[in-house]
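**Q** Please put together the full structure from these sequences, using the hints given.
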Amino acid sequence: MRLPGFSARTIAIGYAFVTLLVLAMFASPLWYAWRTNIQEVRTELLASEAQRLGNLFRRGGPAALTTAIDSQVEGTNDGVRKIILLMAPNGAKLAGNLPAWPGGLPDRDGVSSATIRVDGVPRRIELVRVTLGRGYRLLIASNLNRFDELERLFVYGLLGCGAAVLVGAALGGVLIRRALLTRVQGISQTTAAIIEGKLSRRLAAPRDGDELQLLTRTVNRMLDQIEHLVTGVQDVSNAIAHDLRTPLSELRARLEELSVNRPNEEETFAEIDAAINDVDRVMKIFNALLRLAEIDSGSRRNGFVPVDVTNLAAEVAEFYAPVAELRNIALAFTPRGALRAVGDPVLLAQALGNLVENALKYAPEGGVIAIAVQRPQRDMLEIVVSDNGPGIAEDERPRVVERFYRGDTSRGTPGVGLGLSVVSAVARLHGGVLLLADNRPGLRATLQVAVSPAGGTQA
Amino acid sequence: MKLLLVEDNERVARFVKKGLAEAGHTVDHADNGRDGMNHAVSEPYDAIVMDRMLPGGIDGLAIVAALRQQGNRVPILILSALDGVDERIHGLKSGGDDYLVKPFAFGELLARLDALLRRAQPQAVDTTLTLDDLSMDMLAHKVTRAGRPVALQPREFKLLGYLMRHANQVVTRTMLLENVWDYHFDPQTNVIDVHISKLRQKIDAGFGKPLLRTVRNAGYMLTDQP
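Going down the list, the sequences are from chains H and A.
Going by full-length UniProt numbering, the final residue of the first sequence carries number 459, and the count climbs one at a time with no gaps.
Going by full-length UniProt numbering, the final residue of the second sequence carries number 226, and the count climbs one at a time with no gaps.
Some hints here could point you the wrong way.
[Claimed, not checked] Facing chain H, according to a computed beta carbon distance under 10 Å, are these residues of chain A, among others:
#	residue
1	Ile89
2	His184
3	Pro187
4	Thr189
5	Lys198
6	Val215
7	Arg216
Hints were generated in silico from the structure; no laboratory data involved.
Here the structure is a predicted model, which is why all the values come from computation and not from measurement.
Here a beta-carbon is modelled for each residue, glycine too, at the ideal position from N, C-alpha and C.
**A** Structure below.
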């Protein structure tokens, strides 16, 4: 797998550039301070030397000065470190380590710098020219070249540093690139495997807690969700195929029989009515599925309005009361004050309706169904529907909200196995969950609704 | 009544046209948006049945919106395969008067269309509805049959009121669910039937002539006709 190393190289170059810039920013004031300081010290030294020699001249005249200079320059290489030259008024050299007064010097006293030739080699010097009186002239200079080495050392140091930075950055770039490539390669290999259908593969989580680990975790979470959705879709497709096949094959058989047997009119119409019922069954399944898809997409949040949940529950209870009465089931709702939430009244009514219908389906003759609206937390409402039917076994509870899942006990009863899925989806849309618990005996279903929809978990 | 059907699916159109003709209506049919628009603006109709997704460059809702913009108040029933409450709201906001989702039962279409046609007729705001010897005082919230008071729960009163306003018309279970309870889902239990039978107990039991009838495969009808 070929991966471009561009970004790692860019990082390395960037690092090197920044480091060099920092180095330059650090070195230039240092360099400037050093140069200025040295200059000052040197000028001072030259000036005080000139003062000393001047005093000597005033006290002892040219003879004393000549002796002093001679003793000073003796044994030193001429012009290498320090240059001293004493000239007589007639232009003859009295003492010093230069053969003659160099040309091109300014014709006045004071500190200046110049380039002179010593033994044919041009040298940059810093000099003090003093006129001692009676035409005697003194030249004191320090050879700047003796600092050259130091300066060269500084520059070399700087260059060396720069080179080290470059090498380090290159090495770092290579290492970063290698590390990145290793990880990116891992990610892309895993991703490729996932694309090929191995949905359970996950990115290897690095041990250290860096940003990449954070990313890895997020991606893994996303993959979990995708796997969940894809398996969900597969399950639903299988279930749809299964659940629709039954009414559709019944319908087909019915129509085929009609067309082959051609029974009398009354029977024909009875069969046609049955066929229409089959179609209605299929349509009901489709409607429920579309409803679920619509709820799951979260688009229904647009329709959120303030809802008086107590009132809504009272109306649903009233709606189903005649059915309960018919089956001799006590359907009780005791309102305890208005409890409001922001939500979709149509969906909440449907969800509560599904729970009540479920309870009606399973509650025994003479049983009891209780609806309650409560507010256990400040930001959460609960609509609780409890019955005293057979309930749902604990290990079955997580599965009954799956689409088309039908417990063994419900196989024989009418319904399409989507009721609790819808309730669960409505709860999710409203930032809550559907909780199923044991009512000892029976089922206690709790539909949670976040009071303000901002607390929703589904985007 | 003269109706316009704008529907591109040939089989559905034939089925609807035949049914409406049998119900005593005259039906013009257009199978694309352009023709539908031309028909709708050039001739007066009592109601229009409009499919949403149409060939011919103009979709159903655009026609509805255009008609409404011209000040045309003809009752329009929108037919659509697009389910979803948001789609319905969109359809009704564009100027449709009712919205029916495909696939539909013809009884449902006819019942809704009758309700629309009835609503379009100018009528005095009655404070009292009467049918045969059944009488409903909307202001006092009192119902009497043959002079004897009938005690109804508030919801039963609303249910009977809806049936009385649509007397001699088929009213489907979905229409009752939507208009009396404002619920928009299919109950899995026969809860509407139970409500109707309770109401029937109160208004028909003990009287010689039953008024509230069940219409097979369609719904119910409150009628004084034999």
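**Q** All the hints need checking, so say for each whether the structure fits it.
**A** For each hint, the structure was consulted:
no., hint, result
1, Ile89, "holds, 8 Å"
2, His184, "holds, 5 Å"
3, Pro187, "holds, 6 Å"
4, Thr189, "holds, 5 Å"
5, Lys198, "holds, 5 Å"
6, Val215, "violated, 13 Å"
7, Arg216, "holds, 8 Å"
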